[in-house]
Amino acid sequence: MEIFNPHSNIHFLSLRRYSITVSALLMVFAIGLIAVRHINYGLDFTGGVLVEVSYAQSVDTNTVRQTLESAGFQHPLVQSFGGTRDFTIRLQPKPGDSNTDQTARLVMTALTAKDPGVTMKSTSFVGPQVGAELRNDGVVAVVFVIVLIMLYLGLRFEKRFAVAALITEVHDTVLTIGFFALTQREFDLTVLASLMAVVGYSINDKVVVFDRVRELFRNTRRAEPEEILNRAINSTLSRTIITSLFTGIAMAALYLFGGPVLHGFAITMIIGIIIGTLSSIFVSSPLLLWLGVSKKDLMPVTKENPELAQRP
Amino acid sequence: MSDFPRWKYALVAVVLLIGIVYALPNLFPQQPAVQIQANRGGKVDSALEQRVEALFAKAGAPAGSLVLNGDRLLARFPNTDQQLKAYTAARDALGEDYVVALNLASTVPPWLRAIGANSMPLGLDLQGGVHFLMQVDNKAVMNQQMQRYTDDIRDALREKHIPYDEVVRLPEGVRIVLRAAADHDAALAAITANDPDLTLTTASDGVTVNASLKPEKLIAIEQSIVHQNLSTLRNRVNALGVAEPLIQQQGASRIVVELPGVQDTAEAKKILGATATLEYHAVDESVNPAEATQSGNVPPEDRLYKMRGGGSIVLKKKVIVSGDELVDASSGFDPQSGAPSVNIELNSAGAKKMLDYTTQNVGKRMAVVYIERIPETRMVDGKEVHTSRTSEEVINAATVNGVFGKRFTTTGLGLQEAKELALLLKSGSLAAPMDIVEERVIGPSLGQQNIVQGLRAVGLGLGLVLLAAAFYYKLFGLVADIALVFNLVLLVAVLSIFQATLTMPSIAGIVLTLGMAIDANVLICERIREELRGGSTPLASIRAGYQKAWATILDANVTHLIAAFGLMTFGSGSIRGFAITLAVGILTSMFTSVTVTHAITALLHGGRKLKTLSV
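If you read the sequences in order, they're chains A and B. Residues in the first sequence are numbered from 1348 upward in steps of one, following the numbering used here. Residues in the second sequence are numbered from 43 upward in steps of one, following the numbering used here.
Hints in this document: simulated from the structure, not taken from any laboratory. Hints should not be assumed to be uniformly reliable.
To be verified - Partial list, derived from the structure: chain B residues whose beta carbon lies under 7 Å from chain A:
(1) Val86
(2) Ala89
(3) Leu90
(4) Asn236
(5) Glu480
(6) Val483
(7) Gly485
(8) Arg498
(9) Leu506
(10) Ala550
(11) Val564
(12) Thr594
(13) Ala598
(14) Thr601
(15) Gly608
Said to hold, decoys possible - In silico SDA-like links for lysine to any residue, alpha-carbon gap of 25 Å or less:
(16) Lys181(B) with Val1477(A)
(17) Lys311(B) with Pro1475(A)
(18) Lys1642(A) with Gln589(B)
(19) Lys1642(A) with Ala586(B)
(20) Lys1461(A) with Gly485(B)
(21) Lys653(B) with Phe1351(A)
(22) Lys181(B) with Glu387(B)
(23) Lys311(B) with Asn1581(A)
(24) Lys311(B) with Phe1351(A)
(25) Lys259(B) with Asp237(B)
(26) Lys311(B) with Glu1399(A)
(27) Lys1461(A) with Trp592(B)
(28) Lys181(B) with Pro1475(A)
(29) Lys311(B) with Leu1453(A)
(30) Lys516(B) with Ser1582(A)
(31) Lys516(B) with Gly1595(A)
(32) Lys1642(A) with Trp592(B)
(33) Lys311(B) with Val1477(A)
(34) Lys516(B) with Asn1581(A)
This one's a predicted model, so the numbers in the text were calculated from it and none came from an experiment. From the three backbone atoms N, C-alpha and C, an ideal C-beta is built for every residue, glycine too.
Modelling step: build the complete structure from the supplied sequences, incorporating the hints.
In structure tokens form, the structure reads like this:
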């Protein structure tokens, strides 16, 4: 079975003005969103107390909040969690309050006083300093990964490929984070892990296209960069989309059946896969063209790879 | 087909077989169990076995099996209800002489365990429990160290009769102001002889000297503190009766403590926050400890102590030197005899007392008493009453061989014993304060729910990808499916061999790996289709497909691996679990998606004249 016309020759490169403009606008929009709406960091990053409770009967979120407020808790953040019986409650500990384990216990005391059918599922306390450190480490890790990948691409391919990959990677990451600013979904540690996985996935996608670009440049006698890039995108198009679909299917299963703990992870991956796939087709190759990739730049590398050089 | 050599078939077969064997233990569910170990004074023997059996029967929770294994008794139960009943009964009846703990017992057959095949340990998020992240208070440590050096410098100057105007502690060092510049060299020599780890700098006035700690010494101190605290925490957690605790260093100055099965954080925190110290006492050789134990009679100036590892000893009540006078302890080898030894360093005050004592007591025995204070809170008449339980035991008693003061060594121990004693001495004396900076409690029902959902996600994720691949690539899709199933088996096998902890993030990693592993097959199949369209024969298409796709697969996977390694450098435990799963998954998928599918394809199509390919 084939969904895609194998002889398709859509002229993606001719759309480059539009596609790059749209991408740039999206980036500006995402950065604006992040700056204005901020990211809704989870407990891992902000520090504080989180209590997960389960009621025997359905309860309204407001009821839970009111119970807590009347017990003297300030600004409790109550969210329902996969239904009307499970809730997460987040509290910022007051400055100088050292007994955070007490906080969790007091929450439970207040809730059971109102409704004895409530049970504690889990509690977490994260110190503010741990959270701040984690945020720094996260940024460092993402930058570290992108730089290492660039180095590898610079060695295996050519510096223009590394630069194009870098820009597209930053584009994909910023857009994915922008999604979190837009929807105000909670950004926790598993989401960060997922974000790094998006970086990995998206680079994987670009490398496949780049690989074909390199191959076509080497095997074509009179290589017009625009023509080569377009052919590379077209001949890898079916793979790009099919792999995205397959990985997307696995992530959808994770979202639907993996329980609420992994919702953030799965949704980030799905968003990241969509953005990564689109940028592989519409962004990375136009960038290569603008950076001035040419047959000449790719030939010396063949010394390292005699097998490829022997091919007609 | 000749381009797939025979040794590669063998390789595939062997790897798959090993993978199946090592992944197998994960199919055996763990069984709820209660584990009983001897504490101070208790003895695990067949008498205890019978007693426990009767206890369980009385509690209405007869054990499925009761096995005496060395120093522990393990009782298995068909369900957690019975396990809890039995646990409560045993804990109440056996008292302080035994440590009773909830445990999950492996049901993996012995022949599998004999070859090192075990199931993956479950993370806290899958089995419930408490998690603490503790941070060493480095400032307090620095303070402690500087206080010690200030005292030492004062004593050194006084001893050499060098007059000084002041010796004051600064946040980062010590400032010494001498009375006369003429004493400068003598003062420096005296201080350096006493504390070689200090860097001394003289100000332009010739009388002010600033002492600071050498950076390498500072790092060494920090490391040894985390090390000491680790060992102290380990000892304490054992007292808590947790079956499989995890106590690990994280980063430079943090320690993770995970206690599966524990739900009461308050109780756990008290034990972790206990303080310990030690005291040196003279041994009273005139009293026979065995008789004293029997009669209970000891002279008024003496006291009867229990020895670690059994037996008792009678010591003088008077303390020679106490733990706060101890500066450092390390294990090493005696330069004369080459026997393992513990090297101990006291501060000046302690050194003087030790010198006075040893001058008069060469040839007599001296004992080290380890004292631990564990704060306890009990409810009495509805009010919380804070008390503390003190446990004292003699960890070592050795003969005084000569006169010594500041530095001395204890010999007569095994290598391991010497190491442990050094750690115990340090942990008693230098316990650096620790703050809990992160705390999580995962209820047992949530753990169970996570397991069910995690497994379902893996199963359905795999199933859907299998269907999609078979649908889209027909026969080649089916071959890729077989490889994908083997990828899961291999991934689980490798993670089990390394005993990586299975957590929710690592389950996410498994599902992601399954979704992405198919990419290599997509690349290969698309290439084969291209070759076929280009007019190649089926066999040539397969060969060219694999050959051309390989370079792409390699590049794509290496960059992906870099991303996984980047995640691994990231400290936090749960993220590391995900990163490790991802990295292992990328490696196994390269093997299964390329080599395994190539082997199967070669088997299916080899030696036949083909007109078409089902791809």
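Right, here's what the structure says about each hint:
no.: 1; hint: Val86; in the structure: violated, 34 Å
no.: 2; hint: Ala89; in the structure: violated, 40 Å
no.: 3; hint: Leu90; in the structure: violated, 35 Å
no.: 4; hint: Asn236; in the structure: violated, 37 Å
no.: 5; hint: Glu480; in the structure: holds, 5 Å
no.: 6; hint: Val483; in the structure: holds, 5 Å
no.: 7; hint: Gly485; in the structure: holds, 5 Å
no.: 8; hint: Arg498; in the structure: holds, 4 Å
no.: 9; hint: Leu506; in the structure: holds, 5 Å
no.: 10; hint: Ala550; in the structure: holds, 5 Å
no.: 11; hint: Val564; in the structure: holds, 5 Å
no.: 12; hint: Thr594; in the structure: holds, 4 Å
no.: 13; hint: Ala598; in the structure: holds, 5 Å
no.: 14; hint: Thr601; in the structure: holds, 5 Å
no.: 15; hint: Gly608; in the structure: holds, 3 Å
no.: 16; hint: Lys181(B) with Val1477(A); in the structure: holds, 17 Å
no.: 17; hint: Lys311(B) with Pro1475(A); in the structure: holds, 20 Å
no.: 18; hint: Lys1642(A) with Gln589(B); in the structure: holds, 23 Å
no.: 19; hint: Lys1642(A) with Ala586(B); in the structure: holds, 24 Å
no.: 20; hint: Lys1461(A) with Gly485(B); in the structure: holds, 21 Å
no.: 21; hint: Lys653(B) with Phe1351(A); in the structure: holds, 23 Å
no.: 22; hint: Lys181(B) with Glu387(B); in the structure: holds, 22 Å
no.: 23; hint: Lys311(B) with Asn1581(A); in the structure: violated, 61 Å
no.: 24; hint: Lys311(B) with Phe1351(A); in the structure: violated, 61 Å
no.: 25; hint: Lys259(B) with Asp237(B); in the structure: holds, 11 Å
no.: 26; hint: Lys311(B) with Glu1399(A); in the structure: holds, 21 Å
no.: 27; hint: Lys1461(A) with Trp592(B); in the structure: violated, 64 Å
no.: 28; hint: Lys181(B) with Pro1475(A); in the structure: holds, 18 Å
no.: 29; hint: Lys311(B) with Leu1453(A); in the structure: holds, 17 Å
no.: 30; hint: Lys516(B) with Ser1582(A); in the structure: holds, 21 Å
no.: 31; hint: Lys516(B) with Gly1595(A); in the structure: holds, 20 Å
no.: 32; hint: Lys1642(A) with Trp592(B); in the structure: holds, 22 Å
no.: 33; hint: Lys311(B) with Val1477(A); in the structure: holds, 19 Å
no.: 34; hint: Lys516(B) with Asn1581(A); in the structure: holds, 23 Å
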